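A.B. asks: Next come the chains, spelled out residue by residue.
There are 2 protein chains.
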Amino acid sequence: MKWIEGGVCAPKGFQAAGIHCGIRPNHTKNDLALIVSDTPCTAAGMFTKNAVKAAPVLVDIQSVKNETAKAIIANSGNANACAPHDMENALAMQKLAADALGVSPDEVLVGSTGVIGQELNIAKIAEGIPQLTAALSGTPSGSDEAAKAIMTTDTVKKEFAVSFELGGQTVTIGGISKGSGMIHPNMGTMLCYLTTDCAVAKDVLKKALKEACNVTFNRISVDGDTSTNDSLLILANGQAGNACITGEGEDYDTFVSVLKAVCKALARKMARDGEGAKHLITCTVSGCLSEARAEVLAKSVIGSSLTKAAVFGEDANWGRVLCALGYSGEEFDPLNVDIAFASEAGHIDVCAKGKGLLFDEDLAKEILGCEEVIIEVEMNEGNVEVTCWGCDLTYDYVRINGDYRT
Amino acid sequence: MKWIEGGVCAPKGFQAAGIHCGIRPNHTKNDLALIVSDTPCTAAGMFTKNAVKAAPVLVDIQSVKNETAKAIIANSGNANACAPHDMENALAMQKLAADALGVSPDEVLVGSTGVIGQELNIAKIAEGIPQLTAALSGTPSGSDEAAKAIMTTDTVKKEFAVSFELGGQTVTIGGISKGSGMIHPNMGTMLCYLTTDCAVAKDVLKKALKEACNVTFNRISVDGDTSTNDSLLILANGQAGNACITGEGEDYDTFVSVLKAVCKALARKMARDGEGAKHLITCTVSGCLSEARAEVLAKSVIGSSLTKAAVFGEDANWGRVLCALGYSGEEFDPLNVDIAFASEAGHIDVCAKGKGLLFDEDLAKEILGCEEVIIEVEMNEGNVEVTCWGCDLTYDYVRINGDYRT
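Those sequence lines, one after another, are chains A and B.
So the first sequence is numbered by the working numbering: it starts at 36 and just counts up by one.
So the second sequence is numbered by the working numbering: it starts at 36 and just counts up by one.
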């Protein structure tokens, strides 16, 4: 497995583009992205579990059921949700891309992210389409521009690609995503678009995507808010020439493990780039009786406003970690729990068997001063371990979200 | 029903005191409180549902089962939780107060609030006890000093009292509480101490307290964190001379309705004084099929970080309200939902049948500029209405919690 350049354009046969078409007045950043395969793909998707689903999500839920897909078009700046003509506009966006590419609208997936409840300026998208298709490129810059076009309050581009060997062929998986706010487990997740030249049967692709999502995107949280627009899509065009993966087995395991690695890299980057975040918080709950239990406990820690604020303050306030475990809904005896903080600066035990330890505050401060802060919880009851990722709660989160619409 | 002065000292036969005994170095505010009835009381309590319960909570869970109680001693500055000698110190605190008052330790309830995991300085409490008992007073200043002594990051004292007629007698209920951070439904709740001279049988008192708590304290949230120390206690000494309330009926209904009013006033004040808060957020979900469903929906709105940040920014971002309803876990058709914002400055409809309305942004800004911002959600499916209270998410919340231990 080798990390390579090129994002969604790294797999064979994919092109991408991103342009500024002017969806939001007074903004100049890229706001319209397109990803296209030159041959038909199997597709799979996972979507927000929010009862309020944006129009493009409703469109994609149907579209991914089709036998093949060839493209994804997505805009930032407007969520196309809860607006008077949201569904018309989502279908129009799909058709505009389809017509320009000479494919059926059924083969185009759509995505939107941005403010809720305002009418999407579909005229701007229509105007931008010729420039967008003209900009399509299979080089890394194509993926780069598309990744930028789906960013909202993101401060860094999220883009990864990995190549690996499968049955004597080189197979590649690439992906771009946007995250930042309104990110919480229990969903498909955010906007994330994956491409691969692996040959994979549709039902197998769906199963692999779900498996990878459950242990990566569904284990991050920025603010506990689950968006109306979260979507995770994958297109697989089979151009790598491997024997098509049609069920479980060695090839499936290899594919899923690489897919998990790409998803984990994107998920960690999203958590680290959570709105206003200064720290990536990694919480590992180990020694647990079951994976479900460990996940609930770890998610409670990364979701705790008080723990998040303590990490922002670089304060080794482990009491808040124990407290968050306590209100997770899982029952346990606090007198079994050990807690430590770690980072590249070192490792420090702060709580043993539910009681505070005397510890070196200077070292603790140094550990919490690092960009990634690891909170280690040992439950001492079994041998299952789960890791979840979040970020700290900062002044900038409040600033960014106190005035998002204007 | 008449709102009166005096807090926990308003009912007949109660005295209270609050002093500074020095639990936290470098702090000079009151940190030790005592409430005493001169005759035996029936008592009832509700406590945190956190799996990690502080030692004083564990002590009280047992003590409220006793037939009578006479006093409550509570400190701020240290939670007496998860520290090496937490239970010994909780029992020592109970005994110190009992000895000074000449009562059995069984008759004393204890409470603590503050930092978790550090040893409580019980010597300071022992030293302070003579001064504390000497300061006991049945005047409003007694309640005032006790209310101040349980405050932590609270910026205002929470204290109310109400008198009402019951069977020809004047009965009074008083209360003090502290809130601020780590406040979330699903618990007994924060520190709140209620006194009454009403004659009420023990099991009836317990039932009344639970009923009042469920629609008041359990409907507020500051930050989604449920503390290890939350406690709600009531002492009833019967000195009003009313016929003892021994079961349901008119007297019970009157008592519960007044108890709810006192609890609601304290709960609203706690939400408004949430750490760093500039606004009280009141969310009313009406037209709902059931109370449970309406409560889940309303709590999801007041718990949404993005909605809280929008209110801080005085931004009528109703999309975040609809989104929070959507991820509450309750299923519904968004095309049934209406949303409005209101305050003493006016009322404005922002979303009808799930779609955004054009609205006067200047009026919206004015409405959201008021101290109490009301978010009205109409589900158009039934006739049940529930109100929950929360507060906005501000820079100060982050500042206060980024560096709480030091």
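Mixed in with the good hints, there may be bad ones.
[Claimed, not checked] Where chain B lies over chain A, by a calculated footprint (3+ residues, C-beta under 8 Å):
1) 58-72
2) 114-120
3) 269-282
4) 323-336
5) 354-363
6) 382-396
Keep in mind the hints are simulated off the structure, nothing from the lab.
Predicted model, so just to flag it, every value in this text is computed and none were measured.
For every residue, glycine included, the Cβ atom is placed at its ideal position computed from N, Cα and C.
A.B. asks: Hint by hint, note whether the structure agrees.
C.D. replies: Here is what the structure says about each hint:
Coverage of a stretch by a chain is defined here by at least three residues with a beta carbon nearer than 8 Å to that chain's beta carbons; for the stretch 58-72 of chain A and chain B the count is 0, and the condition is violated. Figure legend: the stretch 114-120 of chain A, annotated as covered by chain B; annotation consistent (5 residues with Cβ-Cβ distances under 8 Å, at least 3 required). For the stretch 269-282 of chain A, the stated coverage by chain B is not satisfied: 0 residues place a CB nearer than 8 Å to a CB of that chain, which falls below the threshold of 3. A count of 0 residues in the stretch 323-336 of chain A with a Cβ less than 8 Å from any Cβ of chain B is obtained; the coverage claim is therefore unmet, three being the minimum.
Residue count for the stretch 354-363 of chain A with a Cβ under 8 Å from a Cβ of chain B: 9. That meets the three needed, and the coverage hint holds. Figure legend: the stretch 382-396 of chain A, annotated as covered by chain B; annotation consistent (4 residues with Cβ-Cβ distances under 8 Å, at least 3 required).
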